[in-house]
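Read off the chains here:
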Amino acid sequence: MGRKALASVLAVAAVLAGCDSAPEPAAESAVLRVLAGSELADLEPVLDEAARVTGVRVEFTFTGTLEGTETLASGEADGAFDAVWFSSNRYPRSLPEADRRLGDEVKIMRSPVVLGLPEAKVRELGWDRTRPTWADIAEAAGQGRFTYGMTDPSASNSGFSALVGVASALAGTGDAVTPDQIDAVAPAMTRFFSAQKLSAGSSGWLSEEYQRRLAGTAPGPKVDGLINYESVLRTLPTPLTVVYPADGVVTADYPLTVLTSASADARAAHQRLADHLRSPETQRRIMADTYRRPAVPGVALSDEFAVRDLVELPFPATQDAMDALLRAYFNELRRPSRTLYVLDTSGSMQGERIAGLKSALVALTGADGSLVGRYRGFRSREEVTLLPFGTVPGRPRTFTLPPGDPAAELARISAYAEALTARGGTAIYDSLVRAYELLGDPDPARFTSIVLMTDGENRNGSPLTAFERELRASPSRAVPVFTVLYGESHAADMTRVAELTGGEVFDARSSSLAEVFRDIRGYQ
Amino acid sequence: MKRRLSIALGVVLLVAVIGVIVFDRDDETPTRDVVVRGVIGSEKLAFFRDERVREAFAAHGVTVEVDTAGSRQIATTVDLAGYDFVFPSSQPAAQRIQRDRNVTTAYTPFQSPMAVATFAPVVEVLERAGVIRDGLLDVGRYLELARAGTRWDELPGNTEFRARKSVLITTTDPRDSNSAAMYVAIASYVANGNAVVASQDAEARLLPELTGLFLRQGYAQSSSAGPFEDYLVAGMGRVPMALVYESQFLGRQVRGDGTIQPDMRLVYLAPTVYSEHTLVPLTDPGDEVGRLLTTDDRLGRLAAEFGFRTSDPGVFADVMAEHDLTAPDLVDVVEPPSFETLERLLDGIEARYS
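So the sequence lines, in the order shown, correspond to chains H and Z.
Under full-length UniProt numbering, the first residue of the first sequence carries the number 1, and numbering increases by one thereafter.
Under full-length UniProt numbering, the first residue of the second sequence carries the number 1, and numbering increases by one thereafter.
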């Protein structure tokens with residue numbers, strides 16, 4: 001379950017293909033250390049089989065596309081990994097410093113990023129009879145005729161592909177979209193993204209939360225569909241009907257790419273593994289088990305794929321164009337965020353802990369200039385409330401970031417954070433209840449969420465049960481709470497709060513608070 | 001050749017001490033073996049990994065291990081330490097490596113003209129538009145469409161392929177790959193009024209148009225195997241026209257592996273250029289590989305089976321005839337511009353990517 005306390009959603013290291021006690025390893029055994037997109041976790045059985053046949057065991061470390069690109073470009077991947085395996089190499093190839101570290105790439109499978117809706121909704125929209133264009137989809141979205149969830153484009157390739165695809169299609173020139181065309185397509189894109197009611201830092205959490213809301217086990221409003229890979233939409237417990245836009249899609253092609261820094265042994269292992277994965281039998285197995293399309297000439301697409309020949313939208317080649325799109329998405333196009341931070345400033349936070357909190361907040365005001373950090377700060381049009389607490393809830397302070405350049409307001413947030421001091425007790429649930437009061441009934445035009453960071457147990461004021469009662473009394477107010485484990489926080493209670501509110505638990509005990517705050521931004 | 005052999009044997013004796021097994025050449029009894037490593041253009045990977053090719057090399061006591069990279073990458077960014085030869089897909093790239101590393105030897109065992117892999121419906125649309133005539137794609141007419149920014153769904157009478165995408169040939173990334181450089185050679189010749197570009201004035205004048213042919217496509221792959229594989233796997237919607245080496249298409253037809261579907265077509269460019277696959281040895285064992293590729297009959301025949309036009313045209317013609325294939329004698333062939341001019345054009349295009 002995705003409900004387990006995650007070390008960090010974006011950097012979970014997992015050894016997937018375990019060494020089953022194969023009686024006779026067919027080839028020299030080797031471990032291939034692969035930096036990969038987390039959606040590859042579903043290949044585990046295929047990779048187990050590959051390990052038995054080829055002797056090459058894959059050791060995954062999961063990351064997002066932008067973060068992985070940064071790891072490559074900075075040189076940190078050299079020596080630490082033998083290969084990368086993202087859903088696409090388009091982004092890393094656009095950065096010379098990352099590009100030059102990529103060696104042989106071998107495409108393993110394909111899956112287009114598309115819109116999935118329940119069959120009844122597709123019929124209602126008439127899209128079972130005529131395939132809509134992205135412009136038609138944007139139009140219907142703007143009219144509120146359907147809602148959807150999508151991953152944060154700076155965290156996950158599915159969201160990123162959708163953003164670029166929609167922009168290219170709406171620009172309609174037939175060419176890769178350029179930065180100077182974004183203004184012209186902004187109104188239609190804003191309509192399109194107005195229907196995005198759910199955002200997530202990972203593709204896995206997105207589909208789980210979608211299903212929880214559908215089943216009523218999470219309190220957030222139900223969302224009609226998802227923008228995601230065809231493979232994800234079709235393998236949900238209740239598969240969605242896939243809408244293939246007539247003007248085209250952006251397709252992930254999963255290139256298993258050896259690094260130029262890899263040893264000769266690793267290169268040989270990469271080739272053995274890639275050859276096995278591209279064998280017709282394995283290609284057919286991947287297709288049957290994961291609903292991804294084959295990548296090898298001569299392996300026919302099964303009849304389950306109703307729409308076979310998809311137009312591929314041009315994807316910009318320059319980092320300029322991609323960055324301009326990401327900037328526009330966060331600061332202009334998507335629904336603005338309403339974000340409230342409930343921050344433990346009790347006595348136990350003194351010293352390093354409060355310093356960590358300060359720098360985590362300051363990083364969100366633009367101090368984090370990393371590839372990913374640039375898109376994870378507070379954004380134009382966002383409303384941010386900081387609510388520090390000790391023995392009682394402190395005085396909230398709200399910052400409203402204007403459209404356009406928010407530098408002045410960011411500076412004020414930064415100054416406020418720097419002035420935080422640690423003293424007093426720990427009134428977690430009184431403060432959380434106060435946060436709910438402050439937010440009132442969430443404005444549907446905004447993404448509203450709470451971050452709860454505490455380094456200890458509740459010592460003052462009302463207990464968790466009081467918060468649960470409040471929540472039951474006014475379910476319409478349910479705002480997801482992203483809880484952060486820090487210091488000696490009570491993991492079980494924090495998990496409970498996240499579960500009750502449709503949030504998620506993040507662990508800052510093993511990574512820095514700044515990293516966790518940055519990751520949570522993908523959900524806000 | 002004798003002298004080179006004795007040097008090679010001298011090396012072999014030393015190497016044998018540290019445990020590398022090498023074949024004995026006289027009676028072809030495999031007693032000893034040299035492992036030779038090279039970097040090649042990806043379109044030759046299938047050839048080098050073929051079991052029969054490996055056997056043909058093994059008969060001479062040679063095991064060839066290859067890594068692939070774009071030809072321009074080979075000439076510029078790839079670290080060549082530890083490699084015995086490079087085998088890019090064109091003379092310009094090979095010449096650059098020769099110059100940079102002071103190597104005078106080079107082998108050109110096979111060549112292949114640039115062509116376009118496409119689909120029957122696309123051919124019909126382009127015939128109607130006057131771009132394809134008698135199986136040849138008129139590059140001049142094509143450039144007119146590209147210049148106007150015409151989309152497929154804007155072509156008159158087009159009912160076959162109404163994609164809302166510009167009429168553009170899918171190429172590799174010009175920053176990395178030789179096939180894209182060959183495309184620049186062809187397009188620059190035609191856009192220059194059917195004359196090889198030979199002045200910096202002409203370069204400056206043509207650069208915007210040439211840049212558009214690439215940047216408008218958006219993301220492009222770094223090696224020519226990429227777009228051709230997309231063409232084979234994902235079909236017309238993804239890649240209506242792929243710039244390929246003729247050998248990529250013919251090789252698959254010869255093998256009859258079922259990957260060339262009935263509606264797939266190979267269309268030649270008019271004019272076109274020949275890509276001359278040129279091996280530059282970096283060590284003596286690397287030199288041996290170049291020599292074998294040029295002189296060994298079995299390897300020559302295998303190269304033809306992979307669709308390459310061999311230095312002995314009879315070998316290639318025989319293989320085509322045996323498989324009921326026709327590879328026309330192309331008359332409208334132009335020379336690429338000089339190495340310096342081509343590099344400057346490519347650098348100019350590259351500068352527009354950032």
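Some clues are possibly wrong.
To be verified - In silico contact screen, one side only, chain H against chain Z (beta carbon under 10 Å); selected entries: (1) SER88; (2) SER94; (3) ASP99; (4) LEU102; (5) ARG110; (6) ALA264; (7) ASP265; (8) THR318; (9) ALA422; (10) ARG434; (11) GLU437; (12) GLY440; (13) LEU464; (14) THR465; (15) ASP507; (16) SER510.
As the list claims (entries may be wrong) - Non-contacting residues of chain Z with respect to chain H, defined by C-beta distances greater than 12 Å in every case (computed): (17) ALA58; (18) TYR268; (19) ALA317; (20) HIS323.
These are calculated hints, taken from the structure and not from any lab test.
Cβ atoms here follow ideal geometry from the backbone N, Cα and C, with glycine treated the same way.
Status of each hint after checking the structure:
no.: 1; hint: SER88; verdict: holds (9 Å)
no.: 2; hint: SER94; verdict: holds (8 Å)
no.: 3; hint: ASP99; verdict: holds (8 Å)
no.: 4; hint: LEU102; verdict: holds (8 Å)
no.: 5; hint: ARG110; verdict: holds (7 Å)
no.: 6; hint: ALA264; verdict: holds (8 Å)
no.: 7; hint: ASP265; verdict: violated (12 Å)
no.: 8; hint: THR318; verdict: holds (6 Å)
no.: 9; hint: ALA422; verdict: violated (46 Å)
no.: 10; hint: ARG434; verdict: violated (49 Å)
no.: 11; hint: GLU437; verdict: violated (49 Å)
no.: 12; hint: GLY440; verdict: violated (45 Å)
no.: 13; hint: LEU464; verdict: violated (50 Å)
no.: 14; hint: THR465; verdict: violated (54 Å)
no.: 15; hint: ASP507; verdict: violated (36 Å)
no.: 16; hint: SER510; verdict: violated (36 Å)
no.: 17; hint: ALA58; verdict: holds (18 Å)
no.: 18; hint: TYR268; verdict: holds (22 Å)
no.: 19; hint: ALA317; verdict: holds (26 Å)
no.: 20; hint: HIS323; verdict: holds (17 Å)
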